[in-house]
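K.L.:
Read off the chains here:
There are 2 protein chains.
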Amino acid sequence: MSVYSLVIHGGAGTILKGEMTKELETNYHKGLENALDAGYAILEKEGSAVDAILAATISLENNILFNAGRGSVFGKDGSQEMDAAIMNGQNLMAGAVAAVKNVRNPVELAYTIMNKSQHVMLNGNGALEFAKMNKLRLEEDAYFYSEFRHNQWKQMQGNDETALDHNIIIKDKKFGTVGAAAVDIYGNVAAATSTGGMTNKQYGRVGDSPIIGAGTYANNKTCAISCTGHGEPFIRAVTAYDVSCLIEYKGLSLEEAMNVVVHDKLMKLEGEGGMIGVDTKGNAAMVFNSEGMYRGLRKSDGTKMVLIYK
Amino acid sequence: MSVYSLVIHGGAGTILKGEMTKELETNYHKGLENALDAGYAILEKEGSAVDAILAATISLENNILFNAGRGSVFGKDGSQEMDAAIMNGQNLMAGAVAAVKNVRNPVELAYTIMNKSQHVMLNGNGALEFAKMNKLRLEEDAYFYSEFRHNQWKQMQGNDETALDHNIIIKDKKFGTVGAAAVDIYGNVAAATSTGGMTNKQYGRVGDSPIIGAGTYANNKTCAISCTGHGEPFIRAVTAYDVSCLIEYKGLSLEEAMNVVVHDKLMKLEGEGGMIGVDTKGNAAMVFNSEGMYRGLRKSDGTKMVLIYK
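Going down the list, the protein sequences come from chains C and Y.
Heads up, the first sequence is in this note's numbering, so the first residue is 3 and it goes up one at a time.
Heads up, the second sequence is in this note's numbering, so the first residue is 3 and it goes up one at a time.
Note that these hints are calculated values from the structure, not bench results.
Just so it is clear, CB atoms sit at the ideal spot from N, CA and C, and this is done for glycine as well.
Just to be clear, a hint being listed does not mean it is correct.
Calculated Cβ distances over 10 Å to all of chain C for the following chain Y residues [claimed, not checked]:
| id | residue |
| --- | --- |
| 1 | Ser-4 |
| 2 | Glu-25 |
| 3 | Asp-39 |
| 4 | Asn-127 |
| 5 | Gln-159 |
| 6 | Ile-237 |
| 7 | Cys-247 |
| 8 | Val-289 |
| 9 | Gly-304 |
| 10 | Tyr-311 |
These stretches of chain C come out as covered by chain Y in the derived footprint (C-beta under 8 Å, 3 or more residues) [what the hints assert, rightly or not]:
| id | region |
| --- | --- |
| 11 | 28 to 42 |
| 12 | 114 to 122 |
| 13 | 137 to 145 |
| 14 | 213 to 222 |
| 15 | 248 to 259 |
| 16 | 290 to 298 |
No more than 30 Å apart at the CA atoms, straight line, and that leaves these computed lysine-lysine pairs for DSSO-like [as the list claims (entries may be wrong)]:
| id | chain 1 | residue 1 | chain 2 | residue 2 |
| --- | --- | --- | --- | --- |
| 17 | C | Lys-118 | Y | Lys-270 |
| 18 | C | Lys-137 | Y | Lys-223 |
| 19 | Y | Lys-47 | Y | Lys-223 |
| 20 | C | Lys-118 | Y | Lys-156 |
| 21 | C | Lys-103 | Y | Lys-137 |
| 22 | Y | Lys-267 | C | Lys-283 |
| 23 | Y | Lys-267 | C | Lys-252 |
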């Protein structure tokens with residue numbers, strides 16, 4: 003029987019243990035465990051990698067602690083625009099959405115774009131229109147509101163600063179994103195990523211999350227990858243696809259390739275953050291160059307872990 | 003003295019000689035020559051690859067024959083949304099814009115994003131706001147209007163068809179994009195791509211042109227690439243960066259790598275179109291799997307050509 007596995011992240015950055023309360027830490031752990039359970043339950047029943055990562059990512063989007071879906075940060079104009087992407091390694095089909103508002107689960111919209119449109123990437127009001135046409139669940143602004151996100155935004159308003167924060171107690175550089183990668187019992191891989199972007203973001207900035215090849219990539223020949231970090235260097239390094247190329251063209255292992263990209267290539271571009279990935283043999287890895295990364299993995303060999311710090 | 007070269011394209015697709023008038027063919031040739039001259043004049047004066055591709059792409063954007071800038075096609079709602087990207091191989095800096103309206107030269111906006119913002123990709127109204135802040139030249143809708151584009155759009159309106167057309171006499175599959183790649187006397191490479199997307203496009207569809215790694219990529223270690231074609235397979239194949247990886251990790255030459263991607267990888271995804279590219283040694287190549295590609299190149303060794311058909 004083949005090995006199957008699921009790995010997830012809830013963002014990376016300067017996560018300082020000293021500034022984390024016990025209660026918040028417990029809640030983060032619980033949120034990551036719930037997402038792992040949601041996805042793993044599907045793999046256990048011989049479900050597909052795509053369904054597993056979709057379920058895990060939706061669980062993280064629905065959790066107000068993470069900067070994606072419900073917990074998305076506020077942009078400069080006080081609105082919440084979200085990005086997401088999904089890719090199926092079996093057929094290289096992909097779906098992505100940028101700068102969409104009021105969609106409860108942007109990753110589900112990316113999934114619907116992948117399966118029900120002729121396109122890969124939709125953006126803005128057009129993406130919302132497509133979501134409505136496909137009867138995806140929408141939410142009023144109030145659903146996405148939380149006091150701590152609003153306070154984060156208020157603190158930055160009036161200046162040109164933007165933050166990649168996903169929670170107020172994290173200082174300095176913080177990258178709020180969620181994502182999942184899985185390999186199923188059939189050896190198919192898939193990955194998804196979702197984000198609310200940067201607090202106080204302006205000018206319609208799009209990060210790496212919805213860019214196929216940068217924040218998200220999956221290919222049955224090699225691996226499935228979801229990234230989290232300072233989006234701009236991740237776009238410039240074509241981060242997720244670079245891991246795949248290092249495996250396919252140079253024969254590196256999943257973890258070797260992830261290490262090259264995260265600790266060498268990204269560092270040269272001052273690209274702080276990390277990534278999670280699986281390969282078709284059931285290997286899973288979580289690599290980051292920041293202080294911490296909310297992350298977890300579960301494999302059919304019994305391995306299970308949820309971690310925050312180094 | 004190093005070899006320098008410039009290569010450009012004005013879109014690919016089913017370009018049938020029998021349906022082209024002599025006059026139109028002459029105008030296409032003239033448009034491509036003008037763009038080559040604009041860029042090459044900069045390389046000749048020991049200017050940078052970035053400046054050369056910017057000038058060549060602006061020239062193509064200003065020519066109403068090509069689907070980019072002034073000649074952009076109409077979307078479903080009758081408006082003209084444009085995408086563009088630029089990348090500097092010397093420092094891997096990049097700029098991209100998606101779904102922007104009323105900016106005279108989207109590639110200049112991408113260039114300004116690269117040089118004057120902390121971001122790589124801006125979209126929609128936010129991108130327009132950034133253009134205004136940086137005093138880029140805007141144009142009223144009338145500037146972008148031409149009767150033949152409007153007729154193309156009217157023909158498709160009311161149905162759900164979309165076309166990648168860039169001129170009305172081209173039947174079947176036609177991919178309207180412009181782009182340039184250059185290597186300068188210092189061995190620096192750069193690439194840019196610009197497009198008005200698909201006629202009658204809807205739902206805020208974004209193609210490969212503004213996606214760093216897919217439609218546009220440049221790296222002094224390897225090459226600079228600009229693509230044109232059916233955007234979705236190009237995104238799924240991470241086309242431009244794949245050429246770079248085949249050179250960097252497998253040791254292929256520029257042309258070998260372009261052939262693998264265009265004739266093998268893209269064909270497997272039914273990805274019709276092509277690409278142009280240069281490497282740091284001054285080599286230039288133009289490869290496509292469609293009936294034709296508007297294209298031209300000029301090198302410091304005296305080579306100069308402008309071609310349309312196979």
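K.L.:
If you look at each residue in the region 114 to 122 of chain C, do at least three have a Cβ nearer than 8 Å to any Cβ of chain Y?
P.N.:
holds (count 4)
K.L.:
Checking a non-interface call: every C-beta of chain C should be farther than 10 Å from the C-beta of Asn-127 of chain Y. Is that right?
P.N.:
At roughly 6 Å from the nearest Cβ of chain C, Asn-127 of chain Y sits no farther out than 10 Å, so the non-interface label is violated.
K.L.:
Quick one, are Lys-137 of chain C and Lys-223 of chain Y close enough, alpha carbons at most 30 Å?
P.N.:
violated (47 Å)
K.L.:
Quick one: see if chain Y covers the region 248 to 259 of chain C, three-plus residues with Cβ-Cβ under 8 Å.
P.N.:
It holds: at least three residues are needed, and the region 248 to 259 of chain C offers 3 whose Cβ sits within less than 8 Å of chain Y.
K.L.:
Take a quick look at whether Lys-47 of chain Y and Lys-223 of chain Y sit within 30 Å of each other, Cα to Cα.
P.N.:
holds (24 Å)
K.L.:
Taking 8 Å as the Cβ threshold, is the statement that the region 137 to 145 of chain C is covered by chain Y upheld or broken by the three-residue rule?
P.N.:
violated (count 0)
K.L.:
Do three or more residues of the region 28 to 42 of chain C come closer than 8 Å to chain Y, measuring C-beta to C-beta?
P.N.:
Per the Cβ count (0), the hint is violated.
K.L.:
Gln-159 of chain Y clear of chain C by more than 10 Å, beta carbon to beta carbon?
P.N.:
The claim stands: Gln-159 of chain Y keeps its Cβ more than 10 Å from every Cβ of chain C (closest is about 16 Å).
K.L.:
Within 30 Å, alpha carbon to alpha carbon, are Lys-267 of chain Y and Lys-283 of chain C?
P.N.:
holds (23 Å)
K.L.:
Examine each Cβ of chain C, and state whether all of them lie more than 10 Å from the Cβ of Val-289 of chain Y.
P.N.:
holds (19 Å)
K.L.:
Could you check that no beta carbon of chain C comes within 10 Å of the beta carbon of Ile-237 of chain Y?
P.N.:
violated (5 Å)
K.L.:
With d taken as the least Cβ-Cβ distance between Tyr-311 of chain Y and chain C, does d exceed 10 Å?
P.N.:
holds (28 Å)
In the structure shown, a violation is registered for the earlier hints numbered 4, 6, 7, 11, 13, 16, 18, in ascending order.
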